[in-house]
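Chemist: Chains as they are written, first to last, in this note's numbering: chain S, 1 to 274; chain C, 1 to 274.
One should not assume that every hint holds.
For chains that are exact copies, the list does not tell them apart, and a pair is met inside one copy or across any two.
Said to hold, decoys possible - In silico SDA-like cross-links for lysine to any residue, where the CA-CA straight-line distance does not exceed 20 angstroms: (1) 273 x 118; (2) 273 x 58; (3) 273 x 212; (4) 273 x 35; (5) 273 x 77; (6) 273 x 129; (7) 273 x 72; (8) 273 x 138; (9) 273 x 198; (10) 273 x 121; (11) 273 x 88; (12) 273 x 117; (13) 273 x 22; (14) 273 x 136; (15) 273 x 223; (16) 273 x 206; (17) 273 x 231; (18) 273 x 257; (19) 273 x 87; (20) 273 x 119; (21) 273 x 99; (22) 273 x 208; (23) 273 x 60; (24) 273 x 71; (25) 273 x 12.
Hints listed in this document are in silico derivations from the structure and should not be mistaken for laboratory results.
There are 2 protein chains.
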Amino acid sequence: MTKPSPASHAFDRAIALQSEAGNLFSGHTSEAYQNMVGPFGGVTAATLLNAVLQHPECIGEPISLTINFAGPVQPGAFEIEATPLRTNRSTQHWLLLQRQGGEVVTSGTAFFATRRETWSEQQQPMPAAVPAESLPLLVRTERSWFENYDFRYVSGLFNPANPSAEQSEDTESLLWTRDIPARPLDFPSLTALGDVFAPRIFHRRQRFTPAGTVSLTHYFHADTAQLTACGERHILGQARAARMHNNYSDQIAHLWSDDGVLLLTSTQVAYYKE
Amino acid sequence: MTKPSPASHAFDRAIALQSEAGNLFSGHTSEAYQNMVGPFGGVTAATLLNAVLQHPECIGEPISLTINFAGPVQPGAFEIEATPLRTNRSTQHWLLLQRQGGEVVTSGTAFFATRRETWSEQQQPMPAAVPAESLPLLVRTERSWFENYDFRYVSGLFNPANPSAEQSEDTESLLWTRDIPARPLDFPSLTALGDVFAPRIFHRRQRFTPAGTVSLTHYFHADTAQLTACGERHILGQARAARMHNNYSDQIAHLWSDDGVLLLTSTQVAYYKE
Numbered sequence: 001m002t003k004p005s006p007a008s009h010a011f012d013r014a015i016a017l018q019s020e021a022g023n024l025f026s027g028h029t030s031e032a033y034q035n036m037v038g039p040f041g042g043v044t045a046a047t048l049l050n051a052v053l054q055h056p057e058c059i060g061e062p063i064s065l066t067i068n069f070a071g072p073v074q075p076g077a078f079e080i081e082a083t084p085l086r087t088n089r090s091t092q093h094w095l096l097l098q099r100q101g102g103e104v105v106t107s108g109t110a111f112f113a114t115r116r117e118t119w120s121e122q123q124q125p126m127p128a129a130v131p132a133e134s135l136p137l138l139v140r141t142e143r144s145w146f147e148n149y150d151f152r153y154v155s156g157l158f159n160p161a162n163p164s165a166e167q168s169e170d171t172e173s174l175l176w177t178r179d180i181p182a183r184p185l186d187f188p189s190l191t192a193l194g195d196v197f198a199p200r201i202f203h204r205r206q207r208f209t210p211a212g213t214v215s216l217t218h219y220f221h222a223d224t225a226q227l228t229a230c231g232e233r234h235i236l237g238q239a240r241a242a243r244m245h246n247n248y249s250d251q252i253a254h255l256w257s258d259d260g261v262l263l264l265t266s267t268q269v270a271y272y273k274e
Numbered sequence: 001m002t003k004p005s006p007a008s009h010a011f012d013r014a015i016a017l018q019s020e021a022g023n024l025f026s027g028h029t030s031e032a033y034q035n036m037v038g039p040f041g042g043v044t045a046a047t048l049l050n051a052v053l054q055h056p057e058c059i060g061e062p063i064s065l066t067i068n069f070a071g072p073v074q075p076g077a078f079e080i081e082a083t084p085l086r087t088n089r090s091t092q093h094w095l096l097l098q099r100q101g102g103e104v105v106t107s108g109t110a111f112f113a114t115r116r117e118t119w120s121e122q123q124q125p126m127p128a129a130v131p132a133e134s135l136p137l138l139v140r141t142e143r144s145w146f147e148n149y150d151f152r153y154v155s156g157l158f159n160p161a162n163p164s165a166e167q168s169e170d171t172e173s174l175l176w177t178r179d180i181p182a183r184p185l186d187f188p189s190l191t192a193l194g195d196v197f198a199p200r201i202f203h204r205r206q207r208f209t210p211a212g213t214v215s216l217t218h219y220f221h222a223d224t225a226q227l228t229a230c231g232e233r234h235i236l237g238q239a240r241a242a243r244m245h246n247n248y249s250d251q252i253a254h255l256w257s258d259d260g261v262l263l264l265t266s267t268q269v270a271y272y273k274e
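In isolation and in its complexed conformation, chain S is listed as follows:
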């Protein structure tokens, strides 16, 4: 089977940006990654990160990224302003603003740095999971972005076509995931994969409710070499909530390479109704 080159992958087209004057970049939403209201947030986050990665002044690699979904991104053109707020010797702080028609639709901040080799240790082990290949591929077509991700649930699947008769007692999901078609892992794709978990409230109550991420924070543990080592293989994601209270729920997630390296710690707060 001939694999598409990364440049021709729908994900790369979705996050593509054109450099404009100064700190400005222009882009266009992708039909392939639409969610209920606007694009899949993970692709929006990856697109904002991509502005930093393409900025001529960018140094180092991403360490942290916070993205705030301020309003729906309408289908069509958008502008991203990526401003280096402060550059120290080996670190750089960024301000990110995505606008449509002059109005901010997404805001964010990013921290990049050059790492040096130090004493290191992973505390959070990969949970036990049967191999991705032994699990069925979840096929869903309600939203276009689903078709671009391979989901293989180890546990904690909420399937609206076949909800559990009883509410799940916990909020945890464990699943293997990667792009469809398979694509080498890099910082933008890991950024998007960190947002693939369904709102925990769906899983907890085994039904849909209006819900959506309002703010997302990624901590990148992996460097480029570790992402490259993941190749196109599945990565394992685990997500759970700590509290759902009056319209807002948190989520804590971790993503590991298939050989157990923690690549990402991610948190988010999501709105939910009813």
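Dock chain C against the given chain S, drawing on the hints supplied.
Modeler: Chain C only, in chain S's frame:
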């Protein structure tokens, strides 16, 4: 014993701001909350949040807050610019910039919202802990900010004067904490209390190393009524790391009221050397 009124508490003086033209506020660092390099980050975060709380256009209550420590805050005057980026019916997104001499020293974003009563549930229970009153108050004077916080460790204390002979096998600390003198809990003080945990690398290796928070994200689960209900009593904090890799470590923390209500989920990424 006569308690000081909140207005006369050192914490309130430390986060005090003067409203200037437009979205600008001016303030001054506090001698009482100095850390190794610049002010205790929790007080800096609380000061930036305070700019939103004092802004005449502010609606709702804080749901999320991200603060990036871009450079050392020098002793003396600073300016904070708090810009409402987008206001929807019941939600508001903010951009926060703290400057000294025209240079950005701290950046951040905040999300505020008006909550409605919905189906709610707390998933993360409070860990078992003996009462605060049964534990000794940790007395430390290496940094001025320590003197303004009451720390009572249930487990996971790193005491540089008496380090464990062996490295601790985990990175978890559990402690009761509150302001000194005791002060009614509110959003600014909870913001600062969410950053009181020593860098996990100190605890893990039982020794000091140059280290400091570079980015912090708080998700506020509690509303004003729940904070008010906490009064001046201790709150319980738990913090641990998931991975320390080449200069950067994450931290996941939770803070509960003494009757078990999860008030805050907090994550941060910290730099460490060696």
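Chemist: Can you name, in rising order, the numbers of the hints this structure does not satisfy?
Modeler: 2, 5, 6, 8, 13, 14, 17, 18, 21 and 25
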